[in-house]
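Sequences listed follow chains A and B, in order.
To get our numbering, take the position in the first sequence, counting from 1, and add 45.
To get our numbering, take the position in the second sequence, counting from 1, and add 643.
It is possible that some hints are incorrect.
To give an idea of the chain B side of the interface with chain A (calculated C-beta under 7 Å), a few residues [unchecked claim]:
| hint | residue |
| --- | --- |
| 1 | C707 |
| 2 | E723 |
| 3 | I725 |
For the record, the hints were derived by calculation from the structure and aren't laboratory data.
Computed from a prediction, not measured in an experiment: that's the story for all the values here.
Where is the CB? At the ideal position from N, CA and C, for every residue including glycine.
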Amino acid sequence: MANHQLNPNNWINSYSDYLFNYTISRVNDREMAKDLVSETFLAGLKSMSNFKGEASERTWLVSILKRKIIDYYRKINSNKGKAEVRMNYNTDSESEGDWLEERVADPFDKTAEDNLENSELGNAIHECISKLPKKQAEVFKQKTILGYDTETICNELNITASNLWVIIHRARTALAECMEENWF
Amino acid sequence: MKKSFLFISCEEAKHICDKNQYGEATGWERVKLALRLSWCNITRGYSKNNSKLTDAIHKSEIDCLKEDEKEKILESFKEELIKHQ
Numbered sequence: 046m047a048n049h050q051l052n053p054n055n056w057i058n059s060y061s062d063y064l065f066n067y068t069i070s071r072v073n074d075r076e077m078a079k080d081l082v083s084e085t086f087l088a089g090l091k092s093m094s095n096f097k098g099e100a101s102e103r104t105w106l107v108s109i110l111k112r113k114i115i116d117y118y119r120k121i122n123s124n125k126g127k128a129e130v131r132m133n134y135n136t137d138s139e140s141e142g143d144w145l146e147e148r149v150a151d152p153f154d155k156t157a158e159d160n161l162e163n164s165e166l167g168n169a170i171h172e173c174i175s176k177l178p179k180k181q182a183e184v185f186k187q188k189t190i191l192g193y194d195t196e197t198i199c200n201e202l203n204i205t206a207s208n209l210w211v212i213i214h215r216a217r218t219a220l221a222e223c224m225e226e227n228w229f
Numbered sequence: 644m645k646k647s648f649l650f651i652s653c654e655e656a657k658h659i660c661d662k663n664q665y666g667e668a669t670g671w672e673r674v675k676l677a678l679r680l681s682w683c684n685i686t687r688g689y690s691k692n693n694s695k696l697t698d699a700i701h702k703s704e705i706d707c708l709k710e711d712e713k714e715k716i717l718e719s720f721k722e723e724l725i726k727h728q
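Using the sequences and the accompanying hints, generate a full structural model.
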C-alpha cells in the first residue's frame, strides 16, 4: 500500500533534530553530524522519484542517513592504515613497567547496548517533542537540551520569565504523558 | 486571599518542581515544595513523573541543532529545492 507522500518543504523543521540526534549518537562529532544530516536532505531531494510511499517520510530519510553514516565510516576506515598513533609514554622511573592497558578507558562503564538504548530513548524523546506546539518545542529544546539560561531564551524569543515557565510546564506535562505511552 | 509564607498551592508547587528540574529553585522554594510533597498526592505524582522525564533526558544524552545551525542547513537546502522545482 503506497499512501505516504513526500513534502520536502517541511523536512528541515520536522526531521532535522531527529536525524541530528540519530547521527550524533553514532558519529560523535557535531560538525560531521551536521554535514551528514544536510547531505541526507539533499540526497533525499535528488532521489524523490525512488520513493514508493511504502514507508513514512522520516523512515525513508533515516534509511538514506544510515547509508551516509556507513559511507562515512568506510571512508575513515580506508585511511586507518595511514594513521599514525601518537602517545606520550611516561618516562619517569616510578611508572616504569606500567602496561598500555592502564591508559585505556574502562570498557565496563558503558556497553554498546547502553549506547543503543540511550540513542533509541533520545529518538523517542524527539518524537514526543515533535508533537508539541512549535513554540513549546523551541523553548523546551533551548532550556532542556541546549541548556541555555532563562534570560537568554527570554531575550531571544521575546517572552517573560513567567511565560517561559508556563511554556516549560505545559511542554513537560505533555512530554511526560507522551513518554509514558511510548517508552516508560 | 492572603498568601501563606509556607503553604503553597498545587500550581505553585508544580512550578517550583519544574524550576527544580533545572536547578533553579531557591532553598526556600525547595523547603515549601518538600512540605507540600509530604501531604499532597497530586504534587507527589507530578514530581515523580517530572523527575522520571528529567532522568530519561539525562540518560539519553539527547542533542539537537541550534537555531543558527538549522538555519544554515535550511538555506543550502532551499537553494537545491528551488533548482529542483
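Report task. Please write out, lowest number first, the hints stated earlier that are contradicted by the structure. Result -> Hint 3 is the one this structure does not satisfy, whereas the remaining hints hold.
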